[in-house]
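**Q** Work out the full structure, taking the sequences as your base and the hints as a guide.
Sequences listed follow chains A and B, in order. Here the first sequence is numbered in my numbering, starting from 1 and rising by one per residue. Here the second sequence is numbered in my numbering, starting from 1 and rising by one per residue.
To be clear, the hints were calculated from the coordinates, so they are not data collected in a lab. Accuracy of the hints is not assured; some may be wrong.
What the hints assert, rightly or not - Taking lysine to aspartate or glutamate pairs in the DMTMM-like style, the calculated list, with each CA pair at most 20 Å apart, reads:
{"no.": "1", "chain 1": "B", "residue 1": "K95", "chain 2": "A", "residue 2": "E74"}
{"no.": "2", "chain 1": "B", "residue 1": "K95", "chain 2": "B", "residue 2": "D127"}
{"no.": "3", "chain 1": "B", "residue 1": "K58", "chain 2": "B", "residue 2": "E312"}
{"no.": "4", "chain 1": "B", "residue 1": "K95", "chain 2": "A", "residue 2": "E78"}
{"no.": "5", "chain 1": "B", "residue 1": "K333", "chain 2": "B", "residue 2": "D56"}
{"no.": "6", "chain 1": "B", "residue 1": "K333", "chain 2": "B", "residue 2": "D35"}
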Amino acid sequence: MAIKRILSPFNWLLSTVYHLIIDLVDLLMRPLQNILGVRGMAYVFILPNLLVFGIFILFPMLLNFYYAFTGGTELFPENRPFVGMDNLNQLFTCEDFLSPNSCREDLFWRAVLNTGGYVISQVALLVFMALITALSLNRNIRGRGFFRSVFFYPVLLSPVVVALIWRWILLQDGVLNAILVSLGGERISFLLNAQWAQFWVIIISVWAQMGFFTLILLAGLQAIPTEFYEAAGIDGATAWQSFWNVTLPLLMPNLFVVLVLSLIRAVQVFDQVFNFTGGGPGTATTYMVQYVYTTGFANQTKEYGLAAAASLVMAAFLLILTVIQLRLGRRGEIS
Amino acid sequence: MKKLLTLVTLLALIVLATSVAAQDAPVELRITWYDDGSEGAVLRDLLDRFEAENPDIKVIVDTVAYQSILEQLPLQVEAGEGPDMARVTNFDAYKGFYLDLRPHVADAAYWDASFAPSVLAALRTADDPADALFGFPNQFTVTGPYINRTLFEQAGVEVPSDTMDAVTWEEWTAAAQAVAEATETQYAIAMDRSGHRFAGPAFSQGAMLFNDDGSITIDTPGFRSMADLLVRWHQESLTPADVWVGAGGTYSPGLPFFVNGQLVMYMSGSWQIGALVRDVGDAFDWQAVPNPTGPGGSTGMPGGTMMVAFAETEHPAEVARVMDYLVQVDTLKEFTERTLFIPAHLGLGELNFQTDSAAAQAALVTFANEVPKLSEQAYQLQFGGQAFAINNPIRDRLTQVITGELTMDDAVARIQQDVDDALAAAASS
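**A** Listed below in structure tokens is the structure:
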């Protein structure tokens with residue numbers, strides 16, 4: 001009874017505020033519904049999302065498209081001269097695309113080739129490792145829950161934190177070199193040698209992202225009915241044959257999702273590597289997004305047009321990937 | 001409906017009360033600042049006194065990393081989201097966005113008389129009024145090398161500048177290498193990863209970037225000579241690769257290696273004195289030595305920081321009052337003496353630098369002696385309005401040579417192309 005008395009002013013306040021809000025909404029919505037009709041109100045409700053999409057995605061995309069055809073270093077569109085295809089021409093003027101030094105914009109092509117190499121190696125390793133981990137975690141092993149958490153944990157970390165932790169480990173005076181020296185070995189310049197830096201960039205990104213993709217594959221594995229394995233067992237299938245003829249075909253939709261998502265993510269690689277190596281040594285770990293960022297924002301001469309043109313090229317590449325994903329996805333649904 | 005009316009009345013009362021309170025609040029101004037040593041604390045101290053005498057103004061100092069001054073601040077200012085004032089080194093990046101303080105300051109003639117006209121002019125474009133006052137230099141800097149004198153003594157190697165008036169970069173490299181080998185010090189020599197830092201030695205080696213017709217030529221024997229030497233330092237592991245190779249695409253100082261006693265000779269500049277006093281302490285004896293000599297003379301690079309005001313400010317009169325306070329002889333004298341900076345003000349009189357460090361006092365004298373030796377080319381690079389196009393390509397392309405991505409010939413050609421592109425892009429705006 002006493003509690004009820006103490007709470008009653010609070011309840012009164014809550015109910016007053018609630019009714020005020022409802023009154024206010026009603027005041028706005030009722031005339032609107034009279035004008036638009038009940039069906040028209042659907043547009044009113046999707047309007048906030050549409051506005052957010054328009055302001056933060058569609059408008060910048062269109063603006064980026066416009067910038068790609070303008071020159072100069074001015075920030076505001078009205079001050080930028082129209083230069084037509086000049087920026088794209090500058091990017092694509094090249095004697096041999098596989099030899100960046102022969103290209104007018106050599107840094108762009110270095111970034112493209114670096115990105116290509118990274119995407120192929122990182123995605124292959126990532127999918128393979130995620131599959132192996134998912135298969136292991138799907139077995140009835142001791143501490144399965146613990147291991148699932150361990151593999152998923154890096155996904156929760158910010159890319160900047162991941163980069164700084166690994167930098168601390170791999171620096172010339174870092175933890176790993178300290179261990180090597182204490183064991184009588186020589187220091188290794190992990191971040192000062194192009195091949196080592198590229199290697200670690202791939203390893204770290206696989207470490208950081210694998211948990212997420214493992215989870216997708218694990219869900220797929222658990223959806224496979226055990227009857228299939230039992231039937232295969234009765235037919236005398238070995239473990240490898242079961243995997244090849246049962247697991248893999250039934251896991252294919254999940255594997256496909258993992259492949260496409262990791263491909264798109266790999267093309268967009270930036271924050272983690274930027275904080276880890278800064279794109280170096282030299283330009284060994286400079287990827288396409290960093291090229292766009294540096295050209296448009298970090299260089300003292302801010303070539304927004306060239307950066308926008310480079311981002312269009314990247315967008316085209318991502319569009320192709322997405323179309324392939326949609327096509328294959330549809331084919332999968334039909335079959 | 002009654003409840004709604006109550007709510008609206010309540011809201012109106014809150015808005016009214018807030019606006020009355022806002023009228024009494026002091027004007028809030030923001031300075032974007034970065035620290036090399038302890039100058040931020042000195043500035044705060046000076047501003048506290050200003051605020052005590054001017055209760056209608058509150059100045060907030062936002063201390064950021066130097067990288068933010070180079071990369072983020074120009075974008076903020078251009079987008080109209082910049083601070084009221086800032087400490088900058090990249091003057092060119094903000095041209096066209098400065099506030100002309102002349103109509104607002106109490107005595108503009110004092111400003112004109114206190115600083116070299118070329119330095120004040122470095123903030124102006126051709127479209128600005130010829131007498132516009134956009135800010136003032138609160139620090140003059142000269143690039144030059146430091147040595148770890150204790151290591152020279154331990155190695156029994158004579159410090160070359162003790163016995164010779166003119167020491168070349170090659171002679172310094174050999175001496176530093178001998179010291180490093182004798183004392184088992186990790187590195188002999190290092191230079192900050194910066195085109196500005198590289199330029200002084202390159203000019204000393206005979207580089208001539210600026211032609212009489214106003215064009216720029218990178219490929220000169222002097223430029224190549226210094227570039228080759230820098231690459232050799234890396235090839236022979238005389239220098240910590242972390243500085244030039246491990247920094248990605250950004251500025252990187254060699255200071256930590258010098259402070260930690262891992263380095264015999266360190267090419268940087270006068271602004272490091274405060275940091276060396278603070279961080280080295282009694283660990284070893286350090287010394288600033290004259291810039292090495294070559295066919296182009298014995299020049300470092302001039303430089304410095306400017307306090308500037310931005311035109312987007314909503315309070316130009318108050319900004320001018322703060323700037324007018326900071327530019328006064330007494331204020332600048334105290335700032336200079338406490339920060340151990342070389343002053344850019346022409347009439348501060350005799351300075352009494354507030355340090356017990358004999359090394360700091362000696363370094364200030366050494367750097368002051370470097371000022372008359374600065375070459376025309378060095379001044380033109382720093383204050384001629386083209387440094388934005390030159391410094392970073394030199395830094396980044398030479399790094400590519402060090403890592404083996406480019407040959408020296410390719411790098412020199414690429415620097416020229418980058419410089420030409422940057423100047424063309426700026427001109428087309």
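**Q** Hint by hint, say whether it matches the structure.
**A** Checked hints:
{"no.": "1", "hint": "K95(B) with E74(A)", "result": "holds (12 Å)"}
{"no.": "2", "hint": "K95(B) with D127(B)", "result": "holds (10 Å)"}
{"no.": "3", "hint": "K58(B) with E312(B)", "result": "holds (18 Å)"}
{"no.": "4", "hint": "K95(B) with E78(A)", "result": "holds (18 Å)"}
{"no.": "5", "hint": "K333(B) with D56(B)", "result": "violated (25 Å)"}
{"no.": "6", "hint": "K333(B) with D35(B)", "result": "holds (18 Å)"}
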